[in-house]
Amino acid sequence: MLGFIAGRVGKGIVVLLAIVVLNFFLIRLAPGDPALVMAGEAGAGDEVFVAQLREKFGLDQPLPNQLALYVRNIAVLDLGYSVRQQMPVATLIADRLPATLLLTGSAFLISLALGVTLGALAARRAGRPADTAITGLALLFYATPLFWVSLMAIIVFSVRLEWLPSFGFETVGAGHAGLARAADIAHHLILPAMTLGLFFMAVYVRMTRASMLEVAGQDFVKTARAKGLGDRVIQRRHVLRNALLPVVTLAGLQAGTLVGGAILTETVFAWPGIGRLMYEALLQRDYNLLLGVFVVSSAMVLVFNLVTDVLYRVVDPRIEAAR
Amino acid sequence: MDARAPRQTVVSVRDLRLALPAGGDRAHAVDGVSFDLVAGEILCLVGESGSGKSMCAHALMGLLPKAVTPSGGEIRLDGADLLAQDEAGWRDTRGRRVAMVFQEPMTALNPLMRIGDQMAEMFEAHGLLTPRERRARAVALAGEVGLPEPERIVRSYPHQLSGGQRQRAMIAMALALEPAVLVADEPTTALDVTTQAQILDLIRGLQRRRNMAVLFITHDFGVVADIADRVLVLRHGRVVEEGPAEAVLGRPREDYTRTLLAAVPSMDPPRREPRTGAKAVEVAGLCKTYSTGGGLWRKPRRVEAARDVAFAIHQGETVGLVGESGSGKSSVARLVMRLIEPDRGAVLLGDDDLTRLSGEALRRARSRIQMVFQDPFASLNPRRRVGQIIADGPVAHGVPRAEAEARARELLGLVGLDPSAMDRFPHEFSGGQRQRVGIARALALEPKILVADEAVSALDVSVQAQVLALLEDLKQRLGLSMLFITHDLRVAAQICDRIAVMRRGEIVELKPAGALFASPEHPYTRSLLDAVPGRTRAAA
Amino acid sequence: MIGLVILLAVVAAAILAPILYPTSPWRMVQRPFMPPFTLDRFPLGTDALGRDIAAGLMHGAGVSLLVGLVSTLAALVIGVPLGALAGYFGGRVDDALMRFTELFQTVPSFALAIVLVAILQPSLSSLILAIALVSWPPVTRLVRGEVLSLRSREYVQAAVVTGQTTFTILRREILPNTLSPIVVLASLMVATAILLESSLSFLGLGDPNRMSWGFMVGAGRTAIRQAWWISTFPGVVILLTVLALNLIGEGLNDALNPRLSRGDR
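Those sequence lines, one after another, are chains C, G and V.
The working numbering puts the first residue of the first sequence at 1, with every later residue one more than the last.
The working numbering puts the first residue of the second sequence at 324, with every later residue one more than the last.
The working numbering puts the first residue of the third sequence at 864, with every later residue one more than the last.
It should be emphasised that the hints constitute simulated quantities derived from the structure, not laboratory data.
It is possible that part of the hints are untrue.
List of simulated lysine to aspartate or glutamate pairs, EDC-like, C-alpha gap at most 20 Å [claimed, not checked]:
hint, chain 1, residue 1, chain 2, residue 2
1, G, Lys-602, G, Glu-509
2, G, Lys-834, G, Glu-844
3, G, Lys-602, G, Glu-769
4, C, Lys-222, G, Glu-844
5, G, Lys-389, C, Glu-162
6, C, Lys-11, V, Asp-957
7, G, Lys-771, G, Glu-844
8, G, Lys-389, G, Asp-409
9, G, Lys-771, G, Glu-733
10, G, Lys-389, C, Asp-219
11, C, Lys-222, G, Asp-409
12, C, Lys-11, V, Asp-903
13, C, Lys-222, G, Glu-427
14, G, Lys-798, G, Glu-844
15, C, Lys-222, G, Asp-440
Next up, chain C with everything else stripped away, as it sits in the complex (with noise of 0.2 Å):
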């Protein structure tokens, strides 16, 4: 098991390394002079800031001698300065992150208790009118765009209803401490994390329905009825066991969809996240700061895909017990 994560875990910083040379490509593509995207098109005027910067970089220098420079600053955590902020990119990304973090493991959370339980009702009583109800809510919600269900679920439930707020991580200047404000966070995080977790509960619906229909099929399946089993415990056991192994390993390549519809929340809700603040850098033009949020998202992607595989050895014998 350790030597599979160790594995997993340098196949991820392959792969990593290989988004830092993409994004250093994409640098280039911007418009300008790489020294000037860097700064920030503002900070253009500050010319000692320019020349320190093609000096940081090497831009003077050949592309391979750049790219090499580029990923050794990645490496020790430097993702360049955001001069609009006038803050290190990293530590601007170290502040928002827990928000992010916060939203997207909750959405997650939400999404996957709601639509595994809704998708075995739906499988249990396929054909029938809860079946019915549930797979059409399920491609309703499928459909939704994110951005928008997020703004009609302000007009209803914070214009019209009042009963949630609707932007912000917490109430400002409550001075809240402890559990209060915990309370308070959550109060705040119940929208974002439920427009952000409808799409995925759906697809996570669709899946565990197809899914158990078609372990419903399979012959131990029938081993299990020959047995004398009630229906139920065939379902729970035998069924239901079964058909979670597709929906997990959907909900690892889901991730990366997930941190994508973060952005989107955030922006709509001001929640406080990496996701709003790519927003802001995209309002801003600011291109450093929006590749370094690009580049930690991937990685938080990563790392979510690691705890996702992890989490299928664990629940299927067969991979693990191998040799």
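Dock chains G and V against the given chain C, drawing on the hints supplied.
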């Protein structure tokens, strides 16, 4: 059977009718079938595919597919009609009174549950024993069905067991609640011949010890001869003939039964003159090792599919390659065809070494050696017409399309199909007919050598006999040489001049067919021959 | 069926837009913030700059469909050959191509699309390019998987044995049998592409010269408390279009892969 005990009927099936959904090619899967299951007796239900034998088995368990419904008759067990009971009644019957063993041990066990837990479920389903006692019983049962190290086996997952062990585990499960009736649906079909012999022994022994009634479904008359007390022959859902095993096998009353029995190849190879002509193909020192699952930190698993395999086929000769699954016989066929690359070795066609050619030269040399595949359903492209399938080869070698199609029409006649088949798609044909198309395709390039990889294994016994006769006839007429790969020693005995026995990538014995069956030298060959079902009774 | 009807309506809107609303959808035609259903001439009201929302929706249809279709086609052009090569040749080729695909699948696709459009400057072609570049990996994986399983199918081996060329085998024996899953995937990809396009436009990365649904939702966002309709209507239209494409995809799946639509169990 104990002659002193009176025959005690456990289950009596009367006039059973199972309706198929409307719009099929027949209205009933099973139509008016009656039989009794007697304690201490094995009743074999034999028939070809589509005879309804498996449906009878599932009806006894109340596990029919949703589309099939009982529409008449009754199944009496302890005086009550099983077909009249509700789902709760069925749940109580299943496992406790009637238990079942399925065909595919690989898929019949839940891959995520330990063997012991799956056995314990049997007691749990009927609310018997405490969890602790269930575990102890599981271990005892595993021991009773001859699983090695029962303590360890019950903690294993299915993928850690071999096919035979899994089938033993299935049998242990079925026996757990000491049911009066055991239903076994082709329980040995998916197993190798030596494993099959062991499982048959096991079922026979347990059935005697526990005085169970057994309904045994099979398509294999060899198995019937080994295990049956009584036999019932089914065809198209109706009973053809029923009686004691000796009577049905020895003095069949019906033509259909006689045809089926006659189609079973005999274990006595016909006398054949040894072929001494030029070598059509010579295989030398062929090696192939597969390694899978290797990683940065793990050692890859190595499987030797071929180890120094060498043989020659003379002109007009048929050499058989027999062995159990995993023996490497199919790999050798594909190595000879160069569908997979050998690690070492040579395949000599005259002066050309097929393993050294590449590109255009390889493409041209291929026409001299052609292949007939195993699966009549997977070996034809579903989207191309039969005529195109046959003509594609010659066209690729530069024959004009019109000429190639004219030739394809002739070939269809040669393999016994109507020329109108040209414009039809593969799915419109039966398995046997498709196999004929496959043979026509192989012949289209006018090869010198035919490689047949389990070419008759997927066919019913009567169709198998026809296709074998066709191959034999074509070989004579066209002067072909043949490499015939099969797991079935009976088939090999009938068609091969010489036979090579393979085990773990190695040829352990290579002899003329007559000599191999009369005086096998290698212990493995002997164990293979001993395991062939129906050997004892057929010889008697 | 419903899917087809909705999709046809969207196509009709795209075609009829220049006829019914010949003037630019960017023009101010009425007072700003006019609620819907007040004037027959402007049934869906106006936005913060007095632009006709109905006209915007009609003109936006063309952009959505165009981006959805062209980017999906481009993704297929990248994805199908890569998948076919990886699946057919296996070994090193497969390893290299799959590593490459994995890289693109790991990267959060929406984030990459944002970066690409931002760097290339927003325009119709950069939108299409960015969406195509982030959506080809599933195609490659699907085609590779199909080809991999077909390659070991006996009829493909028979084609090899009868001396047909690799190109003929791919074209005649393999690709036609992968067609139906590709068609199904493509219809779902058009839907995803339309969602992506609207999301990018929502963030202000749309083509500044074209009216698009995502842009309209984004433009109404700041006034969401006073004028709900500005953001609501375009969103509904996106939802319906994407839903329609998904329904069509499912319909195609049931029609082309009958074994998956279960009747007996």
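Status of the hints after comparison with the structure:
1. G:Lys-602 <-> G:Glu-509: Violated, at about 42 Å.
2. G:Lys-834 <-> G:Glu-844: It holds: about 10 Å lies between the C-alpha atoms, which stays within 20 Å.
3. G:Lys-602 <-> G:Glu-769: Measuring from Cα to Cα gives roughly 18 Å; hence the hint holds.
4. C:Lys-222 <-> G:Glu-844: 44 Å, violated
5. G:Lys-389 <-> C:Glu-162: 52 Å, violated
6. C:Lys-11 <-> V:Asp-957: 17 Å, holds
7. G:Lys-771 <-> G:Glu-844: 32 Å, violated
8. G:Lys-389 <-> G:Asp-409: Since the Cα atoms of G:Lys-389 and G:Asp-409 sit roughly 15 Å apart, the hinted pair holds (cutoff 20 Å).
9. G:Lys-771 <-> G:Glu-733: With Cα atoms ~18 Å apart, G:Lys-771 and G:Glu-733 stay inside 20 Å; holds.
10. G:Lys-389 <-> C:Asp-219: 15 Å, holds
11. C:Lys-222 <-> G:Asp-409: With a Cα-Cα distance of about 18 Å, the restraint between C:Lys-222 and G:Asp-409 holds, given a limit of 20 Å.
12. C:Lys-11 <-> V:Asp-903: Between C:Lys-11 and V:Asp-903 the Cα gap is close to 62 Å, so the pair fails against 20 Å, i.e. violated.
13. C:Lys-222 <-> G:Glu-427: Within the cut-off at roughly 12 Å; holds.
14. G:Lys-798 <-> G:Glu-844: Distance of about 30 Å is beyond 20 Å: violated.
15. C:Lys-222 <-> G:Asp-440: 17 Å, holds
Violated hints for the displayed structure, listed by number in ascending order: 1, 4, 5, 7, 12, 14.
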